[in-house]
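Protein chains: 4
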Amino acid sequence: MIIIFKKNAEEKKIEEFIESWKAKGFGTHLSKGENTTILGLLGDTSTLDANAICANEVVDVVQRVTAPYKMASRKFHPDNTVVTVGSGEGVKSSTFGKNTIGVIAGPCSVETEEQVVEIAKAVKKAGARFLRGGAFKPRTSPYAFQGLGKKGLEFLLTAKKETGLPIVTELMDIRQLKYFDDVDLIQIGARNMQNFDLLKEMGKVKKPILLKRGMSATVKELLMSAEYIMASGNENVILCERGIRTFDNYTRNCMDISIIPYLKRESHLPVIIDPSHAAGLRWMVPTLAKAAVAAGADGLIIEVHNNPEKALCDGEQSLRPEEFADLMKILPKYAELDGKRC
Amino acid sequence: MIIIFKKNAEEKKIEEFIESWKAKGFGTHLSKGENTTILGLLGDTSTLDANAICANEVVDVVQRVTAPYKMASRKFHPDNTVVTVGSGEGVKSSTFGKNTIGVIAGPCSVETEEQVVEIAKAVKKAGARFLRGGAFKPRTSPYAFQGLGKKGLEFLLTAKKETGLPIVTELMDIRQLKYFDDVDLIQIGARNMQNFDLLKEMGKVKKPILLKRGMSATVKELLMSAEYIMASGNENVILCERGIRTFDNYTRNCMDISIIPYLKRESHLPVIIDPSHAAGLRWMVPTLAKAAVAAGADGLIIEVHNNPEKALCDGEQSLRPEEFADLMKILPKYAELDGKRC
Amino acid sequence: MIIIFKKNAEEKKIEEFIESWKAKGFGTHLSKGENTTILGLLGDTSTLDANAICANEVVDVVQRVTAPYKMASRKFHPDNTVVTVGSGEGVKSSTFGKNTIGVIAGPCSVETEEQVVEIAKAVKKAGARFLRGGAFKPRTSPYAFQGLGKKGLEFLLTAKKETGLPIVTELMDIRQLKYFDDVDLIQIGARNMQNFDLLKEMGKVKKPILLKRGMSATVKELLMSAEYIMASGNENVILCERGIRTFDNYTRNCMDISIIPYLKRESHLPVIIDPSHAAGLRWMVPTLAKAAVAAGADGLIIEVHNNPEKALCDGEQSLRPEEFADLMKILPKYAELDGKRC
Amino acid sequence: MIIIFKKNAEEKKIEEFIESWKAKGFGTHLSKGENTTILGLLGDTSTLDANAICANEVVDVVQRVTAPYKMASRKFHPDNTVVTVGSGEGVKSSTFGKNTIGVIAGPCSVETEEQVVEIAKAVKKAGARFLRGGAFKPRTSPYAFQGLGKKGLEFLLTAKKETGLPIVTELMDIRQLKYFDDVDLIQIGARNMQNFDLLKEMGKVKKPILLKRGMSATVKELLMSAEYIMASGNENVILCERGIRTFDNYTRNCMDISIIPYLKRESHLPVIIDPSHAAGLRWMVPTLAKAAVAAGADGLIIEVHNNPEKALCDGEQSLRPEEFADLMKILPKYAELDGKRC
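Chains A, B, C and D, in that order, give the protein sequences. Per our numbering, residue 8 is the first one in the first sequence, and the count goes up by one each step. Per our numbering, residue 8 is the first one in the second sequence, and the count goes up by one each step. Per our numbering, residue 8 is the first one in the third sequence, and the count goes up by one each step. Per our numbering, residue 8 is the first one in the fourth sequence, and the count goes up by one each step.
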């Protein structure tokens, strides 16, 4: 960590400041220029609070050299983390972070048992390894359909039993956790990415967590939220890009493709992409899915609905089962070019 | 609501679509142009889900004419909502939304009993009407100081007793609510603005709610979050702008001053400004506070710390008590020009 | 175009307003609801100014149904525009917009004749079809290297002669045009995307134009800028995405991959990607290039430098010739999956 | 300037790198930590190109300590620059940057001689010190009204003669300069803020320049563009905030109020605000104007039209003369609180 002192800072106060760090066991290196005095702080600075240091009256600027996250950093964990998802009798588990592209598919919202079972069978047949479906739904409007809740989870579990697909669904409130015993992968949604109490609880859970990037979260903030979960005890975190908010709105969100290579380099955690929420446009989903695989994504989460016109939620971005099947025929060819398979 | 049909939509399906709305009791007006067929949907469309309509195969574009919020809209509630904050023996309550500028002041984090009591006395003397202080703190890093929690609330209550100032503090998780009995105004932070389960719970609480705008929330989303609280039973909501995220970072966030006149016109709820979090720079806070009052804000929430260099959190943006006192001498003059007082 | 009238608008003024449009030859359809009166305006509304209409005292909202661009729209020009670039003795021309991926490569800035000739030979050997190089350089700082100007163009022409590669370079000011006689493709940079006088001049030029998206230009604005060139007489426009500005800065800009499928659907013009300026990071360029091809780009423009450490400009984002050659071995495989070749 | 070396950088190459800076006359300070080696570069680093340094293979991060602008910086020019605008017989000149709020008012576009003279008289009577009016208009669409051009300038000059108000108008292309002899303040619009050739030409002009911030330009970029003009020979630059582009669109742009105190601290140049283009909404303009004055603006530029419903451009954001007169009655009271007058 580099600390630049204010021009008019008292010599004596700078000395006291430096001594306080030495006392905490940090190494220090002082550089005095004609205009600028700079302190290099050496040791484990990853958990220091740059803002708090900045409040000191002698300090002008604080610049991090090492990232503020540690457990999520590839620096301290050079090998890919491989997250296995799926357990229970008859369930076919699969991994994220190895040489397979894990495709999660299913309806935005669980609506009926028939619907979710039918879609589950269709996506399994097409090659999906996991079933998604929303039971507790975060909706901007209090008047919009809020999901079937506990009932929706039951329908998902039926589909899991009938197909053997591990299931992925969103947890919005810690009080819902009691219903999640048989869920295989817990999704923390974009709007809860910085719900820190919820993240801490996810650290105590014995299940992998799918952490979605907030719609205006920086990459650093996403990794800090992963760090919350990991520092609380759960290292099975999968990161998910689902589009960010920009000045334009020709798509619902802007899929930030660069985050894939960046996260793969900066962190050891698996990275997947949600092209459905990013685009918000059905016809664009397959193209974005191919680009994500070409960019090195470890997986995809795609909305599929058997009757998108009548979907209770996000129908305009859901693929029909046959469109999803078409996509699953071409995706493996892109995966292969990267030495992977779907 | 205006619905534009796709160019190649089947006549018969359009008719079915229109019939389905008539059956639900909506009025319809159809316009057929050479290139475009347009449906005007009449009735209470405020609670309809535009996205869901858009998923229908015959629909190209859906355009709202009326806002998707109702209880928060001035249209259905022309007079200002006046929110009274403060109760208990010896406590001096005050209002937001009338002709006073309600100034809330205090430390970012509660650190010790002495600290919060000393600051409380100082801000009261300077003219603040409410005391703020964080006990449960949302921090980006799991390694940063997370607040004193329950203990912090106790210190705040001591300060309340000693000064008679109503207290304002943040609730991050519904499980903390049991400690909030004597809190006067519950703050929902920017990162929880779309924690919908928490919002619903705030609707059941018998206390006013200070709802902060998310750092990339649109005005419409802010009002929808207020609507969540109101539709769940609590109409005492105060809206708070605390800066938004843009492409620049010379300030921590960009204080969106235009939201004040916009919200005052669009909604009947009181609107306050947090210049401390917006700027993140101590020296800029007084200027932004004056601008906010000139723009018609109903109140301000300002960080004050007796020793910002040693603050455990956000010291670089906290005013010293004497700086706050100076500001409180000039602010009433700006308030007066708008027919208000501090 | 849909016009929604203000609630309290005078009946008589609305009638006058409608008559004024009829007089101009537009068709009109009026819908009167209990709360809302809506006018559908029919005819060629693409060139109307929505803001100007909105200023009328009876008008509340104006909503476009048809796009404000016409010549750039696929609606009126269903087939792909194929732009041929390159002319002169010994020059090998190539196309954008057909079934080839046109790769443009070369240094950010032209520095010496030897440099640009050496790089030109290297990129040609690797498979590039066009040579880029900056002679007139837009630099944020007046103290930064501003390019070699006319001399730089001469060096580029030498490289063109020696390799037969058509050349691409940026025009910043209309007074430079006199030196561009032998340039094959004129680049209008991101900062000049809305330099409307320059766009009009580009309409009069008998050469294809490479129009880069401004760093915070919407897709609609990009297409309107293309429309400026086309409406002024030059239909050979190639659109280029080079990254947009968002709230995050882990890359220099955010490459907006979704713009490829969107532009290919909305317009008939070729679309290429500049992964070098988007990422600003050398190691990320090959990954983004692959993703762009997977998403359907018609070409790429990539910075290559034989000695990036000593580059006078943007060295940190330039590939070395051998890195570029490696990329050109894998890119055709992605192109093939889309039925194209490099 | 602080340079952090890559972890695995060769010792010998670091030494060469350091020697190269010493040879250029810079002072150097080296700090070696266990993980990090840091170089402090001392001397006049303001004109160095951080990106170019970053391209060196041994360099990991470059961090500026001093700003990259010099002539625009208050550090090297502690006193306010006072810009006087207006010259010619019968013309009443006024200043920006002293203790007056310079109000510029007039129509968005010049339409007829009668229109501009009538508005000029009205705004003069209300207290405006300068007349604005667009003759050359930057319009997003090639089909929108492009301004009267040279004819419009003539009408403005008539209004100048009749009222004695100095005139302000936009220059879009260097070829228009020949018509600007009697213009008092040349405006460089937001879309040309980084038209570097135009900026250089403005450095040679013997008139003050009104430089508008680009709609997504950082504060640093705005100051660098001012630096271009100043370094080319013209120190009479007035900076203008006119709203930035964010994720929300309830106003046309987001007026960034914090830029006023920031620029006043960081630079010595006058700062004015354009609330008309920022809001894009007539009713909001007076509120934003008051806030700007409360925040310390040195001036305002406000659109006034005698018949906004029929305006050829931006009518929806223009004040009527009587609305402007009302604003000019209240503004001086805000100015007075800041020790200024209108």
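Bear in mind the hints are in silico, worked out from the structure with no lab data behind them. Any given hint might turn out to be false.
Intra- or inter-copy, both count: the list cannot distinguish identical chains.
[As the list claims (entries may be wrong)] Each computed DSSO-like pair below joins lysine-lysine, with the alpha-carbon atoms no more than 30 Å apart:
hint	residue 1	residue 2
1	227	31
2	82	185
3	185	213
4	105	14
5	207	336
6	20	317
7	347	317
8	317	39
9	317	31
Unsatisfied constraints (hint numbers, rising): 2, 5, 7
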